[in-house]
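K.L.:
Sequence:
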Amino acid sequence: MKLTKTLTAMGAVVSAAALLTACGSGTVGQTGSSDSAKPSGSKKLALIPGVQAEPFYISLQCGAEAEAKKLGYELTTQAPQKFEAAMQTQLVNALGSNPPAALLIAPTDDTAMLAPIQQVKNRGAKIVEVDTSLKDTGVAVSSVSSDNAAGGKLAAQTMAKLAAGKSGSVLVLDTIAGTSTTAARAKGFEDELKNTPNLKSIGVQFTQNEPDQAASKVTAALSSTPDLIGIFATNLNTGEGAATGLRNAGKVGAVNLIGFDASPSEVEGLKNGQYQALIAQDPAAIGTQGVQQAVAAIEGKPVTRNLTAELHSITKADMDANSQYFYKQSC
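Numbering (mature numbering (1 follows the signal peptide of the UniProt record, and there is no 0)), first residue to last: -18 to -1, 1 to 313.
Derived by calculation from the structure, the hints in this document are not laboratory data.
Watch out, some of these pointers could steer you wrong.
[Said to hold, decoys possible] Taking lysine to aspartate or glutamate pairs in the EDC-like style, the calculated list, with each CA pair at most 20 Å apart, reads: (1) 310 with 47; (2) 52 with 92; (3) 143 with 173; (4) 233 with 209; (5) 310 with 281; (6) 148 with 92; (7) 148 with 118; (8) 143 with 300; (9) 169 with 194; (10) 117 with 66; (11) 64 with 174; (12) 143 with 174; (13) 52 with 281; (14) 25 with 66; (15) 182 with 118; (16) 103 with 56; (17) 103 with 118; (18) 310 with 292; (19) 310 with 250; (20) 169 with 92; (21) 51 with 281; (22) 25 with 47; (23) 176 with 209; (24) 103 with 281; (25) 25 with 300; (26) 253 with 209; (27) 143 with 172; (28) 233 with 250; (29) 51 with 66; (30) 26 with 66; (31) 182 with 194; (32) 253 with 281; (33) 143 with 209.
Note that this is a predicted model, so its numbers are computed, not measured.
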């Protein structure tokens, strides 16, 4: 069944005249320019994603690298080994007293990462948030992400369609408390699920972004909740762990699993029936627009404060038609 849905921009599209004096909001892919004179200052950009070797962030990096090259800038990327504030802080601090002209970063904690990022800003770098964001909205010049609350809502609507009127309980698996993106997905899902009386949430459980912990949470939920009918996993690692838990319990297909993201392993799982649906982001577009906004800020051009990328609900029936949204393992 076709469940693709385009999420609209955060706020109204700002007019050209208004952009001369104020920041606004828009949809990824609608702003940014590459045909103006370059400044005499630094042409270096730094990207610090949330974690190494994750297809979402690899795809984001690919989009960012291609756009930086197109605009004549040099982009370097370093990612922490784990999605953890302490490890990411080390990378931010390593930028030193002479940081790049702009830092693109996916904060791993919306509060703990404030101080190190603020220090980079104080040294003259423009800050662009990609994927995740800080609670303090005064640090970044632009924030580019998916509309995560709307993504959670889309997942709940998809879960309702998969249930087809059958009653049961639903488990939400989140990553780490304080992660802005996944928290918004979980809340959006929980809020929307209230509109489906036959489905009842048994709450949100945190996995510390570890697949093994996600698998254990699923095993425990299957034991304590006999009427478990669905699981919503808010990111790649929780989804892969949930799939493992269902496989170990012999419950693949008996419990509807919706993953958020479209990594190679998740796509294979969708094809093989381990997932019933995936909510796919467009990380390459997030990386592309992040670089565009960073360069605009460096060059003194209008910058859009908040930008959102499209999200798509993909099932096995329509996965071939949506293959452009599957994540990469390398650029």
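K.L.:
Could you run down the list of hints and mark each one as holding or not?
P.N.:
Evaluation of the provided hints:
{"no.": "1", "hint": "310 with 47", "verdict": "holds, 14 Å"}
{"no.": "2", "hint": "52 with 92", "verdict": "violated, 31 Å"}
{"no.": "3", "hint": "143 with 173", "verdict": "holds, 16 Å"}
{"no.": "4", "hint": "233 with 209", "verdict": "holds, 12 Å"}
{"no.": "5", "hint": "310 with 281", "verdict": "violated, 31 Å"}
{"no.": "6", "hint": "148 with 92", "verdict": "violated, 38 Å"}
{"no.": "7", "hint": "148 with 118", "verdict": "violated, 42 Å"}
{"no.": "8", "hint": "143 with 300", "verdict": "holds, 15 Å"}
{"no.": "9", "hint": "169 with 194", "verdict": "violated, 23 Å"}
{"no.": "10", "hint": "117 with 66", "verdict": "holds, 17 Å"}
{"no.": "11", "hint": "64 with 174", "verdict": "violated, 31 Å"}
{"no.": "12", "hint": "143 with 174", "verdict": "holds, 13 Å"}
{"no.": "13", "hint": "52 with 281", "verdict": "holds, 15 Å"}
{"no.": "14", "hint": "25 with 66", "verdict": "violated, 29 Å"}
{"no.": "15", "hint": "182 with 118", "verdict": "violated, 34 Å"}
{"no.": "16", "hint": "103 with 56", "verdict": "holds, 19 Å"}
{"no.": "17", "hint": "103 with 118", "verdict": "holds, 13 Å"}
{"no.": "18", "hint": "310 with 292", "verdict": "holds, 17 Å"}
{"no.": "19", "hint": "310 with 250", "verdict": "holds, 13 Å"}
{"no.": "20", "hint": "169 with 92", "verdict": "holds, 16 Å"}
{"no.": "21", "hint": "51 with 281", "verdict": "holds, 16 Å"}
{"no.": "22", "hint": "25 with 47", "verdict": "holds, 13 Å"}
{"no.": "23", "hint": "176 with 209", "verdict": "holds, 17 Å"}
{"no.": "24", "hint": "103 with 281", "verdict": "holds, 16 Å"}
{"no.": "25", "hint": "25 with 300", "verdict": "violated, 42 Å"}
{"no.": "26", "hint": "253 with 209", "verdict": "violated, 25 Å"}
{"no.": "27", "hint": "143 with 172", "verdict": "holds, 16 Å"}
{"no.": "28", "hint": "233 with 250", "verdict": "holds, 17 Å"}
{"no.": "29", "hint": "51 with 66", "verdict": "violated, 29 Å"}
{"no.": "30", "hint": "26 with 66", "verdict": "violated, 25 Å"}
{"no.": "31", "hint": "182 with 194", "verdict": "violated, 25 Å"}
{"no.": "32", "hint": "253 with 281", "verdict": "violated, 45 Å"}
{"no.": "33", "hint": "143 with 209", "verdict": "holds, 17 Å"}
Checked against the numbered hints above, the structure breaks hints 2, 5, 6, 7, 9, 11, 14, 15, 25, 26, 29, 30, 31, 32 and satisfies the rest.
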